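> What follows is the residue order along each chain.
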Amino acid sequence: MQLEFLHLSNFKNWINQDINLSCRMLCLCGNNGMGKTNFLDAIYYLCTGQSYFQSQDMLNINHHSDFFRIEGHFERNQTLESIVCTYRKGSRKQLKRNNVLYKRLAGHTGIFPVVAIAPDDMIIVNGHSVERRRFINFMLSNADAAYLNQLIAYQRVLKHRNAYLKDKQLTHSAVDQTLLDTYDVQLIDNGLQIFEKRKEAIKVLASMLMKVHENITDSNSRIELKLESQLTQNDFSHLLIDCRADDIRLGRSTTGIHKDDILIFLDGYELKKFGSQGQKKSILIALKLAQLSFLELYTKQAPLLLLDDLFDKLDRSRGERLLNYICHQLKSQVFITDTHSRRIPEIVHSIGLPLQLLGIDNGKIVKREIIQ
Amino acid sequence: MKFSSPVIDQAVAAFKTLPGIGEKTALRLVLHLLNNDPDDVKRFLTSIGKLITDIQFCKRCHNISSNDLCNICVDIQRNQKQVCVVENIRELMAIENTGQYQGTYHILGGLISPVDGIGPEQLNIDSLINRAREFDIQEIIMALNPTMEGDTTIFYISKRLKGLAIKLTTLARGVAFGGELEYVDDLTLARSLMARLPYDNYLSNQK
Ligand SMILES: [Zn+2]
Numbered sequence: 099m100q101l102e103f104l105h106l107s108n109f110k111n112w113i114n115q116d117i118n119l120s121c122r123m124l125c126l127c128g129n130n131g132m133g134k135t136n137f138l139d140a141i142y143y144l145c146t147g148q149s150y151f152q153s154q155d156m157l158n159i160n161h162h163s164d165f166f167r168i169e170g171h172f173e174r175n176q177t178l179e180s181i182v183c184t185y186r187k188g189s190r191k192q193l194k195r196n197n198v199l200y201k202r203l204a205g206h207t208g209i210f211p212v213v214a215i216a217p218d219d220m221i222i223v224n225g226h227s228v229e230r231r232r233f234i235n236f237m238l239s240n241a242d243a244a245y246l247n248q249l250i251a252y253q254r255v256l257k258h259r260n261a262y263l264k265d266k267q268l269t270h271s272a273v274d275q276t277l278l279d280t281y282d283v284q285l286i287d288n289g290l291q292i293f294e295k296r297k298e299a300i301k302v303l304a305s306m307l308m309k310v311h312e313n314i315t316d317s318n319s320r321i322e323l324k325l326e327s328q329l330t331q332n333d334f335s336h337l338l339i340d341c342r343a344d345d346i347r348l349g350r351s352t353t354g355i356h357k358d359d360i361l362i363f364l365d366g367y368e369l370k371k372f373g374s375q376g377q378k379k380s381i382l383i384a385l386k387l388a389q390l391s392f393l394e395l396y397t398k399q400a401p402l403l404l405l406d407d408l409f410d411k412l413d414r415s416r417g418e419r420l421l422n423y424i425c426h427q428l429k430s431q432v433f434i435t436d437t438h439s440r441r442i443p444e445i446v447h448s449i450g451l452p453l454q455l456l457g458i459d460n461g462k463i464v465k466r467e468i469i470q
Numbered sequence: 140m141k142f143s144s145p146v147i148d149q150a151v152a153a154f155k156t157l158p159g160i161g162e163k164t165a166l167r168l169v170l171h172l173l174n175n176d177p178d179d180v181k182r183f184l185t186s187i188g189k190l191i192t193d194i195q196f197c198k199r200c201h202n203i204s205s206n207d208l209c210n211i212c213v214d215i216q217r218n219q220k221q222v223c224v225v226e227n228i229r230e231l232m233a234i235e236n237t238g239q240y241q242g243t244y245h246i247l248g249g250l251i252s253p254v255d256g257i258g259p260e261q262l263n264i265d266s267l268i269n270r271a272r273e274f275d276i277q278e279i280i281m282a283l284n285p286t287m288e289g290d291t292t293i294f295y296i297s298k299r300l301k302g303l304a305i306k307l308t309t310l311a312r313g314v315a316f317g318g319e320l321e322y323v324d325d326l327t328l329a330r331s332l333m334a335r336l337p338y339d340n341y342l343s344n345q346k
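Going line by line, the protein sequences match chains A and B.
For reference, each letter of the first sequence is one residue, going 99 to 470 in the working numbering.
For reference, each letter of the second sequence is one residue, going 140 to 346 in the working numbering.
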């Protein structure tokens, strides 16, 4: 799968730009604040219908306009496909594939897989468990449409159950145990399948992670992933019965797969607590690249790879190793941003792949060059 | 928008409370009434007023009715042992329009949805359970929309009915069931009524 053409209108500081993309490797260079990251985010919108940076659609409209429009032409399975994402203030965001409007954004999930790595992603390693659930949910939703539906259903049941418990707590009124029984069955129904799929996915991901990490660092450290879930030790229906009194007292649901976490161990030590900054950075990158391999395995498409500010994370020698891995081991089309205009082209040139260099200044492409 | 007279302001505001009516349409309707023959306007208002004075809800099934019990609940030609549970009156009308159903109804008044402030106690569920007990009901057909809230409501009612010898069925979902019940065409609806499934099957069909 490859993006061959991109059009941006009023997307952040990109007023009106058409660009043909002709290489597997692309480097976007320019000073900070010129629009490199927005360019990557526009591609992310085409693949997912959403911003990578979880910003509101509204905030991505150029200040002087009341809409944005992104159009991309992809080569996918030897067919040319167009994706258009438009958002107008006060209207619903629209996503069209080959001129057909999607009824639900979820319908687009996993068809044009993408993986992005940006400086703020360190939060996946350092942050609260919700960040790692988001990571695994993104991955599994793209790989398995049924997972996405189960997750949506689970979250909806959970929202109702919590709203019900909260209301009963605030009004000090009696709880209808039969209704809680009903919600519990619905939680178990979806929750167990989500749990099993997460468990299985983490096994596959862990072996991919080991291989990638060995490739992009020099170390042969042992990395393990572990799904930490209340469901590992206990039967979900027993958990719900045991926690019911607490749930009623606290006015929320205290047990279930919405409490899951993924723990990362480096040579037996928990990375979040004991890892150095450097170890965390390389494991984060390896984790994202393992995610990419996972998506490729299940979607049968080489996902696009968006690397924002690569050298924020790595010194030159680590960057070279990483690019070597990307060029040789992956089939993905890769978009890399850098403030230096020569650094990445030099490395890719020495690896021997052609690269398209795009010079970016203030929401415009001011230079385009193909380096063979 | 502010209008020259507070009377007009109030009338426009009143029309705006109706579904699908915005400010412009409301003003158009108000001006239309102003230009009409006053007697016509009075007749119009009387017919609306009768909604409050002359219409009540059936004590058994919560259908609109002019008496304590509605026409369907007093009709001895209809199978009074068969109850079709619907969300609201519009869906009752949709099923009546098929002409294929000869049982009675029970209007819930919504689906269980705590996020919207609707728990089981806000709906006509207790009256359904009591009715099932008192009137020796033999079959309850759950004709609710196939949403998560619909599933919750069906499942909840099935739990409340446990222990009673009642056949519980749902509309067949396999029949092209295009989203909301009230928009399904008569033929499709009639077909899914005929091809209804025992509730146990329904659960396992979802998988
Ligand atoms: Zn009645």
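There could be a bad hint or two in this list.
[Unchecked claim] Some but not every residue of chain A turned toward chain B, in silico, with C-beta under 10 Å:
1. 186
2. 250
3. 258
No wet-lab data here; the hints were simulated from the structure.
The model shown is predicted, which means the values in this text are computed figures rather than measured ones.
Ideal Cβ positions, reconstructed from N, Cα and C, are used throughout, including at glycine.
> Measuring from the C-beta of residue 250/A to each C-beta in chain B, is the shortest one below 10 Å?
holds, 9 Å
> Given a cut of 10 Å on the nearest C-beta pair, is the interface hint for residue 186/A held or broken against chain B?
violated, 19 Å
> Measuring from the C-beta of residue 258/A to each C-beta in chain B, is the shortest one below 10 Å?
holds, 5 Å
Hint check: a violation occurs at hint 1 only; the rest are consistent with the structure.
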